[in-house]
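Residue numbers (the numbering used here), protein chains in the order written: chain A, 3 to 274; chain B, 20 to 291; chain C, 82 to 368.
Treat the hints as calculated values from the structure; they're not laboratory data. Predicted model only: the values in this text are computed from it and were never measured. Check before you lean on any hint, since a few could be wrong.
As the list claims (entries may be wrong) - Stretch by stretch, here's where chain C covers chain A in the computed footprint (C-beta under 8 Å, at least three residues): (1) 49 to 55; (2) 142 to 155; (3) 213 to 226; (4) 232 to 238.
Even for Gly, the Cβ is constructed at its ideal location relative to N, Cα and C.
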Amino acid sequence: MDILGAWIAVFLTLAIFSFLYKDNPFYKIAEHLFVGISAGYWMSFNFWTQIQPNLFGRLWPSEHYSDSSLWYGIYDMLGFVARPIFPAGGIDMGHDLHMIYLFPMVLGIMMLLSIYKPLNWMARWGIAYTVGMAAGLRAYGILNSNVLGQVKNTIIPVIGTDLPFFSLTGDSYFNNLIILVGTVTGLLYFYFSREQTGNFGKVTKVGIYFLMISFGASFGFAVMGRISLLIGRLLDLIKYSGSEFHHASIWVLVAMIVLLGYSAYQERESSS
Amino acid sequence: MLWKRQIPIMIVSGIGFATLLGWFIDQPTFKSFVDDDATQWFDILAAFAIFLGGLNLFKLQMQKILRKKKGWQYSLFAIGGLIFALLAGFVIKGNPEAAWGSHVTAKGTLFKWMFNYMVAPMQATMFALLAFYVASASYRAFRIRNFEATLLLSSGIIIMIGRVPLGSYISSWFILYLLVLIGGIVVNSFFKNKQYTAIFVGAGIILVSVAGNSMGWPLDEPGIFYLPYLQEWIYRYPNSAGSRSIMIGIGLGIFGTSIRYILGIERSYIGE
Amino acid sequence: MMNYLIEMILKLAKVDRRWIFLIIGLVVLIPLMYPLSLPVRAGKDSQQVYDFVESLEPNSKILLSVEYGPSTKPEIHPMVTSLLRHLFGLKRGHKVYVTCLWADGQFMAEEALDEVAVNEYGLTYGEDFVLLGFRPGAEAVVKGIVSDIRKVFTIDAKGTKLAEIPMMEGVNRFEDFDFLFSGSAGYPGTTEWVLFASDPTGVPMSTGTTSIIVNEMMPYVLGGQIQGILAGMPGAAEYEKLIGVKGIGTSGMDAQSAAHFVIVIFIFLGNLGYFIERKRSKKHQGY
Chain A
3 MDILGAWIAV
13 FLTLAIFSFL
23 YKDNPFYKIA
33 EHLFVGISAG
43 YWMSFNFWTQ
53 IQPNLFGRLW
63 PSEHYSDSSL
73 WYGIYDMLGF
83 VARPIFPAGG
93 IDMGHDLHMI
103 YLFPMVLGIM
113 MLLSIYKPLN
123 WMARWGIAYT
133 VGMAAGLRAY
143 GILNSNVLGQ
153 VKNTIIPVIG
163 TDLPFFSLTG
173 DSYFNNLIIL
183 VGTVTGLLYF
193 YFSREQTGNF
203 GKVTKVGIYF
213 LMISFGASFG
223 FAVMGRISLL
233 IGRLLDLIKY
243 SGSEFHHASI
253 WVLVAMIVLL
263 GYSAYQERES
273 SS
Chain B
20 MLWKRQIPIM
30 IVSGIGFATL
40 LGWFIDQPTF
50 KSFVDDDATQ
60 WFDILAAFAI
70 FLGGLNLFKL
80 QMQKILRKKK
90 GWQYSLFAIG
100 GLIFALLAGF
110 VIKGNPEAAW
120 GSHVTAKGTL
130 FKWMFNYMVA
140 PMQATMFALL
150 AFYVASASYR
160 AFRIRNFEAT
170 LLLSSGIIIM
180 IGRVPLGSYI
190 SSWFILYLLV
200 LIGGIVVNSF
210 FKNKQYTAIF
220 VGAGIILVSV
230 AGNSMGWPLD
240 EPGIFYLPYL
250 QEWIYRYPNS
260 AGSRSIMIGI
270 GLGIFGTSIR
280 YILGIERSYI
290 GE
Chain C
82 MMNYLIEMIL
92 KLAKVDRRWI
102 FLIIGLVVLI
112 PLMYPLSLPV
122 RAGKDSQQVY
132 DFVESLEPNS
142 KILLSVEYGP
152 STKPEIHPMV
162 TSLLRHLFGL
172 KRGHKVYVTC
182 LWADGQFMAE
192 EALDEVAVNE
202 YGLTYGEDFV
212 LLGFRPGAEA
222 VVKGIVSDIR
232 KVFTIDAKGT
242 KLAEIPMMEG
252 VNRFEDFDFL
262 FSGSAGYPGT
272 TEWVLFASDP
282 TGVPMSTGTT
292 SIIVNEMMPY
302 VLGGQIQGIL
312 AGMPGAAEYE
322 KLIGVKGIGT
332 SGMDAQSAAH
342 FVIVIFIFLG
352 NLGYFIERKR
362 SKKHQGY
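If we strip away everything but chain A, and leave its shape as in the complex, we get (with noise of 0.2 Å):
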């Protein structure tokens, strides 16, 4: 099976590097396929990982299972269809018994009946519980760490202490004036209420450098974050050329290459 596997993924790989001479066939596949099991993937991850354990082990816990119990027959009802995802005896995942949690289920069974368009509406419900839990929780935090904390350590010492004028690599009156002055020009930058002229445009030019030395150095570390993408590809494809995969990368580019050189002659010959 890891034969088949690494021929699969040579496969698979080798089709979506295709897409740089040309769109083809071989991509579209990877691309449809990519998308289908992914979903597939998402899909069924989540739901052994999220909903049986912490949404159904809290409303069917094995802890409270009684035959006698109308709650608990609608859940052998429903092992009858599922077992695997309705053990017998209830779901023991060392939760107590959460009726509140009928909720988050009321609320998920509408999103997924928004599928049908007269019920789109439904989704709402469980959309605007999500936005306004992460707007509450991001408020707090990205106030004290983003804002304050940022501003807190901008206030440097620039005058009065033991550090020399300038260092390469440690703190210096310099290097702590450059982050003041930085910081403070970027920002009055963005503030867009007044027009920037003046001796005001000056301050707000010397932001601007500051933002592009930015830019500048996360363009390049965007770079060596792609180049480091493609090197882990490679380095499996290299992997993948070995003998104990009896040579897959090999067998599969050469299939590719006469494969797309081929159609490509036929498209010359049909436009001549």
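On the provided structure of chain A, position chains B and C as indicated by the hints.
Relative to chain A, chains B and C alone:
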């Protein structure tokens, strides 16, 4: 209208306020609900949203096949992939020793095989494609049109070369000679006089050579022209100043937007 | 001669981009097959992470959060495996608790733990390390771990109840940990740990991130909210150098160096062509 508009807005405001106030209220039941149950509901709804996404994909791809739209044959691969992933997730375990639930991560299961040889390679390759596009963009699009663009590219190049082992091999003196040549180009563009340019470049080369000779041509002196030190300085000081100002600006924006959501002013989640 | 050179440069500026793709592909592939073994120099930020791990008290409880998938594995996996080697190699009784904010992270964590904890050090699951697993919810999960870890995780990734795992004794909330390391490729990740866990509680943390998001983390590093950062594959290579065990990070640096060098040449040639073209069009306009 109540179900489709007012109730979602009330949910956002209610949950948003509860989550925000959860940071400030120490009452045990309230805090337990906000910190534990409310966050669990968030997780559960996120899982349902993923399910909804998968169902939507199925619906759209089936519509494409049934209506025989352009490229409908490829949609068969998407549906096939989805069904295969769901079979691996809910029907065919592949490893009888793994329990349902932990089979999504256990070794030897069909689900794990699918992840290792299909999901992982395709996901990684899609991202690896970006390396090629970044190289192509660098060649065809990045132009030094003005001073800001020059700053951006210079800091990007210094970071890219200084961060990798190759940068350690480039002597500071090479950079100094390069700067003398660039200075010559600048002098020529200002004065448009070949004599001035020649004098500037000649004098520059002589000065650098004399300095280098007297210092014994050390690789990493003067430190400010040694790329690894220079990139570290740029990365830690001017670049951080720019990033910090962006972070504070974005932080204030996120805080403002979160408050707008909680107060019901922003209603984009219901399409308004 | 000069005119010929100028025409060549102008022609190169208009070359089909598929030739650029081919050059980049070869420039990355060849050093991977025939390594140059260029030496790596550890930077200040990687050194800071290393020094902090060295300074941990014996029997520290370390929370390792794994937030990357197959696409970003080349950058962060070497960091995670190096960190595990460092922690277990110190033989100071450090206990490692692994959690994942990304679903794929659980597979990556399993691979790293199998490679280092099980195969290299022969450590015992449940006594020296434990994989708590993935839970969806991003910052909600982080908040949950801060307040009560047993509400978020009732069972670990293998399905064992937390109460039955020996090393979970006395570990109930985030403040029971001595150090957090987040191996992060984006959202949710390092930022969420800083905002909702490390900064509010004061538990120190370090991070290793992909090169793309390093710049976003720098303000936290400079402000002391994060103790050092491993920046992308170069950061992974630097950490491998510091612990003295070479891995994928180091072997990838030759290819990284070559690719960066070639991209800089591309930028230079592209701009050369642009300036020549601009000068010509100015001459024509003037004429």
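Hint check:
no. : hint       : result
1   : 49 to 55   : holds (count 3)
2   : 142 to 155 : holds (count 9)
3   : 213 to 226 : holds (count 7)
4   : 232 to 238 : holds (count 5)
Checked against the numbered hints given earlier, this structure breaks none of them.
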